[in-house]
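What follows is the residue order along each chain.
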Amino acid sequence: MLREEELKTFVEGTTNYFEVAAQQPATIGSPYLMEGAPQVHDYTGIISISGKREGVVYFTAPRAMLTVLLMKMQENDFSHETMRDLVGEVANTISGNARRDFGRDFVISVPSVLAGEKPEVPQKPGQRSFIIPINWRSHSAKLVVSLT
Amino acid sequence: MNVAGADRNRRLITAGAGTALALVMGLALLAGFRLATQIRSSITALQTASELQTYPGVLTQQLTALRQRLETREYTGQAHAELAGTVGRFNGDIRQLATRGKLQSAQLQEAVQMWQAYRPVLAPILAFSGEPYVDTDAGSSLSESGKLYYGNVRQAQLLAKQNVGRLHRLLSAVTRSLEAQTSGAAARLRALLSGGVLAAFVLAAAAAYLQLTRIRHERAAREAQEQTRDILKTVREGFFLLDADYKIGSVWSEALTHIFDRSDFAGLSFEKLLENRVPPNTLATAMKYIKLLWGDRAHENLMKSINPLGQLEISMDNGRGGKETRYLQFDFHRVLGPKGVKHVLCSVSDITSNVLLAKELQEAQENANAQVDMMVGMMHVDPLQLGSFLDTTQTGLQLINAILKEPARTDAEFRKKLGGLFRELHSIKGEASALNLMSIAQRVHRLEDMVSELKKKAELSGNDFLPMVLKLDELLAHLRGVREMATRLTALKDSATSGADAPRSSAAERPGGRSGEDLTPTMQALAEKLGRDHRKAFRLTLSGLANVPAPYVATVKDCLIQMLRNSAVHGIEPCEARRALAKSDVGAVRVDFRRSGDGYELVFEDDGAGISPQALKDAAVRKSIITAEEAASMDTRSAMALIFRPGFSTQEEVTMDAGRGVGMDVVARTVYGLGGKIGVSTNPGRFTRFKIVLPAAEAASSAVA
Amino acid sequence: MSVGQVNGAGGRRSLKLLIVDDSNIMRRRIERSQQFEELEVVGTAGNGIEALEMFHKTDPDMVTMDLTMPQMDGIECISKLVQLKPAVRILVISALADKATAVEAMERGANGFLNKPFTDRQLNEAIAELMS
Numbered sequence: 003m004l005r006e007e008e009l010k011t012f013v014e015g016t017t018n019y020f021e022v023a024a025q026q027p028a029t030i031g032s033p034y035l036m037e038g039a040p041q042v043h044d045y046t047g048i049i050s051i052s053g054k055r056e057g058v059v060y061f062t063a064p065r066a067m068l069t070v071l072l073m074k075m076q077e078n079d080f081s082h083e084t085m086r087d088l089v090g091e092v093a094n095t096i097s098g099n100a101r102r103d104f105g106r107d108f109v110i111s112v113p114s115v116l117a118g119e120k121p122e123v124p125q126k127p128g129q130r131s132f133i134i135p136i137n138w139r140s141h142s143a144k145l146v147v148s149l150t
Numbered sequence: 090m091n092v093a094g095a096d097r098n099r100r101l102i103t104a105g106a107g108t109a110l111a112l113v114m115g116l117a118l119l120a121g122f123r124l125a126t127q128i129r130s131s132i133t134a135l136q137t138a139s140e141l142q143t144y145p146g147v148l149t150q151q152l153t154a155l156r157q158r159l160e161t162r163e164y165t166g167q168a169h170a171e172l173a174g175t176v177g178r179f180n181g182d183i184r185q186l187a188t189r190g191k192l193q194s195a196q197l198q199e200a201v202q203m204w205q206a207y208r209p210v211l212a213p214i215l216a217f218s219g220e221p222y223v224d225t226d227a228g229s230s231l232s233e234s235g236k237l238y239y240g241n242v243r244q245a246q247l248l249a250k251q252n253v254g255r256l257h258r259l260l261s262a263v264t265r266s267l268e269a270q271t272s273g274a275a276a277r278l279r280a281l282l283s284g285g286v287l288a289a290f291v292l293a294a295a296a297a298y299l300q301l302t303r304i305r306h307e308r309a310a311r312e313a314q315e316q317t318r319d320i321l322k323t324v325r326e327g328f329f330l331l332d333a334d335y336k337i338g339s340v341w342s343e344a345l346t347h348i349f350d351r352s353d354f355a356g357l358s359f360e361k362l363l364e365n366r367v368p369p370n371t372l373a374t375a376m377k378y379i380k381l382l383w384g385d386r387a388h389e390n391l392m393k394s395i396n397p398l399g400q401l402e403i404s405m406d407n408g409r410g411g412k413e414t415r416y417l418q419f420d421f422h423r424v425l426g427p428k429g430v431k432h433v434l435c436s437v438s439d440i441t442s443n444v445l446l447a448k449e450l451q452e453a454q455e456n457a458n459a460q461v462d463m464m465v466g467m468m469h470v471d472p473l474q475l476g477s478f479l480d481t482t483q484t485g486l487q488l489i490n491a492i493l494k495e496p497a498r499t500d501a502e503f504r505k506k507l508g509g510l511f512r513e514l515h516s517i518k519g520e521a522s523a524l525n526l527m528s529i530a531q532r533v534h535r536l537e538d539m540v541s542e543l544k545k546k547a548e549l550s551g552n553d554f555l556p557m558v559l560k561l562d563e564l565l566a567h568l569r570g571v572r573e574m575a576t577r578l579t580a581l582k583d584s585a586t587s588g589a590d591a592p593r594s595s596a597a598e599r600p601g602g603r604s605g606e607d608l609t610p611t612m613q614a615l616a617e618k619l620g621r622d623h624r625k626a627f628r629l630t631l632s633g634l635a636n637v638p639a640p641y642v643a644t645v646k647d648c649l650i651q652m653l654r655n656s657a658v659h660g661i662e663p664c665e666a667r668r669a670l671a672k673s674d675v676g677a678v679r680v681d682f683r684r685s686g687d688g689y690e691l692v693f694e695d696d697g698a699g700i701s702p703q704a705l706k707d708a709a710v711r712k713s714i715i716t717a718e719e720a721a722s723m724d725t726r727s728a729m730a731l732i733f734r735p736g737f738s739t740q741e742e743v744t745m746d747a748g749r750g751v752g753m754d755v756v757a758r759t760v761y762g763l764g765g766k767i768g769v770s771t772n773p774g775r776f777t778r779f780k781i782v783l784p785a786a787e788a789a790s791s792a793v794a
Numbered sequence: 000m001s002v003g004q005v006n007g008a009g010g011r012r013s014l015k016l017l018i019v020d021d022s023n024i025m026r027r028r029i030e031r032s033q034q035f036e037e038l039e040v041v042g043t044a045g046n047g048i049e050a051l052e053m054f055h056k057t058d059p060d061m062v063t064m065d066l067t068m069p070q071m072d073g074i075e076c077i078s079k080l081v082q083l084k085p086a087v088r089i090l091v092i093s094a095l096a097d098k099a100t101a102v103e104a105m106e107r108g109a110n111g112f113l114n115k116p117f118t119d120r121q122l123n124e125a126i127a128e129l130m131s
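Protein chains in written order, with the working numbering: chain P, 3 to 150; chain W, 90 to 794; chain F, 0 to 131.
None of these hints come from the bench; they were simulated from the model.
Fair warning: there could be bad hints in the mix.
Below are the EDC-like pairs computed for lysine to aspartate or glutamate, each with C-alpha atoms no more than 20 Å apart in a straight line [said to hold, decoys possible]:
{"#": "1", "chain 1": "W", "residue 1": "K380", "chain 2": "W", "residue 2": "E360"}
{"#": "2", "chain 1": "F", "residue 1": "K98", "chain 2": "P", "residue 2": "D44"}
{"#": "3", "chain 1": "P", "residue 1": "K54", "chain 2": "W", "residue 2": "E548"}
{"#": "4", "chain 1": "W", "residue 1": "K361", "chain 2": "W", "residue 2": "E402"}
{"#": "5", "chain 1": "P", "residue 1": "K10", "chain 2": "W", "residue 2": "E548"}
Now the stretches of chain W that chain F is said to cover, found in silico as 3 or more residues with beta-carbon under 8 Å [what the hints assert, rightly or not]:
{"#": "6", "segment": "378 to 384"}
{"#": "7", "segment": "390 to 402"}
Examples of chain P residues toward chain W, derived with CB under 7 Å [stated by the list, open to error]:
{"#": "8", "residue": "E6"}
{"#": "9", "residue": "I30"}
{"#": "10", "residue": "G31"}
{"#": "11", "residue": "S32"}
{"#": "12", "residue": "L35"}
{"#": "13", "residue": "A66"}
{"#": "14", "residue": "F104"}
{"#": "15", "residue": "F108"}
{"#": "16", "residue": "V115"}
{"#": "17", "residue": "R130"}
{"#": "18", "residue": "N137"}
Note that the Cβ used here is the ideal one computed from N, Cα and C, for glycine as well.
One chain only, chain P, in its complex shape (with noise of 0.2 Å):
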């Protein structure tokens, strides 16, 4: 079973990312479980796990709310590439958080990133995923942790 604190990490990587690069915190909204099938926004990073947990972790979130994360980063070129790079870099950070905290345990690969209209984001069947709003702005993105 997934704990807390694990939970926790992954949650903090993400809104740390926020507060830091943007110099504005993001926040969660309330927690719940993914039923059916993986529901992605526009540009999706994610790192996938081995060890005591297997699964993947992934941070999606819609063009526009990367838009504004990388104009409040003093960024002015808002191509597919710089997108990608940012969700690399959160899912990068997420890893890095992990690594810190559970380095021992944890197996955790390079982020990779997905983008498109229907992205093949790995989903074990059977696997129990929680999703994690992560608010920031008026806009909504998501963490999505899918371990066992």
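Given the coordinates of chain P, assemble chains W and F onto it according to the supplied hints.
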């Protein structure tokens, strides 16, 4: 280190003082020796001079005597010889004084010149030899040479007489100046000696003082050393210094022996200390880190932040041939010398108990989570009932998830979820309790507790819901387990009965097809359990429950569970109390479900204590549901309606069965939701009766849809 | 202190900085956020191989180095750079927050370590420390 430095300085000063003392004494002695030599020669000169000053007088006398003798024709040989001796001594002494006496004075110069004037006059006299007299008959008379001799003597005698005073004064003056010179030198010698003695005293005193302070400092250093030793003996952390070869120094604290079960630390390398006790890659990282400490590449803070030995797991022999795991915390501090890092001070503490405690807590939690303790309970549950329960619960939990999923950012939005969550959880718990599925009921109870806790919190955020969603996930996993087990149990039972009995009539097969499952067994089971749990004796009479239309089964069940719990907890009195009231020992609870007009009517009645409107009002005021003023002006009918208000409960203690204060609220809400009505009538001490009216089932299903 | 020293000693002497990170955003962010007048960004690279090329071309005095990159990761790249120019000062900027990685990077020859994400202040402090 400071103590040692100061000590070295003091030693240097003492040695310097000794050397200075010897030097001063040497110089003083040398100067004294020179002065003494000078004085000795001065004294010799003085003797010569004082003798010399008598010579002019003597010379004059002798010349006079010689002249008289010549005049009286007396024997002159003796006098001549004496004169020659005096002249010789005069001559020698004055020369000695002039040349060797190192006395440069005008008087002496003059005396020498005067003496030079004597010499041509005296020379012919001294050169005379022979007989100055010739004997005649008339007596002796001067010979020719005698006459000359006499003339010379007379001339010399006159010169001497003329000069004697002057020459004597000159020589006296020379003597006096020599005296003055000698006594001056003597005075200097005295002064020198006094100075030397004084200097020696001062230096000796200084040396003695330094020696004394050195002793005192040595004592202080010794005390400091002892204190250090005491500290190292008693401190609970392990302390040691690492040198540039990563070896442990000679000073280390006793605690290390307990931490590492050894005592040969001095000279031991850090690598050896950890070797075979940590995995090789951990050791490699540790050694890399230690090496980095010696470099100047990283600042102290950076080094501290990357310390990989903050919580090091090491394996130790447990003394019984096995291994045990300990957790050590290493801290490193660089000790800087003039040429960079001199030592690294390491502190080690055993944090095993802290780490294990944290792990135990975690494991205990996981164990509790993983516990599947419901096998026994499940054996008694009718598989069909269980299936129906699991379906309902699944739906309930989906509803809960939907409530969670509702976007929320503000405290108000988060808070809005709590009421709905609580109601759904409460009704799942009620059903689980009714079926005696305690493992589920307990889990739901914990979730309910979480919701209650959140209600009390001042400011709600998404973080507060993280533990809940984990518990929800856990509950779902548990339900999956239950379902699996139920399937297996059914298969087992089926194979055991192998179709000998006619299968139990199920809802689908019941004639008419419109009725749902029969709630009778569920309710009887719940009544039994509640009676046991609350030590209440009552008999449950049920009628018409087999005819509850399918769309109402869940609602009727929820209502009955809640009301039955209320009766068991609040209504039915304990036997003794009943006896005192002349009631039968065993209470009676009656449930009747029937068609009524277009719809249905459910009557629930117990012969318990009834409900006191005043007690309801008091409780409502206490719970701030209404104000005291409102209570005072409230009639009986309105007071009774308080029981349907959210957050109301007359039972103070929260138990699994009642006192959650939402039970009748759930019932009322559900009934209203179906377009029905609910009412309560009571007679304190006699009975409580709930009457629920439901519309026709078709209307209900369309309302639900 | 460090900044003053560099300024004071060499007047307007320019220190050449190479930024290595596989993320465009991160490269621009570092370039934009560093506030040292004497630092001149002479190049950026997105992986270890590019970093080596740029290093040969620009001969930088300082390098910021990401660790997780495609085609030669940061750790390997640090070793190569230090071999080429022992005096080069390398600031690791990585999301990898575990201690063993940090120690490894330092051991290979890095001079500082900064965790992602970072604030402008943290970045400038880390660079200042590197220049001291």
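Structure versus earlier hints - violations, ascending order: 2, 3, 13, 14, 15, 16
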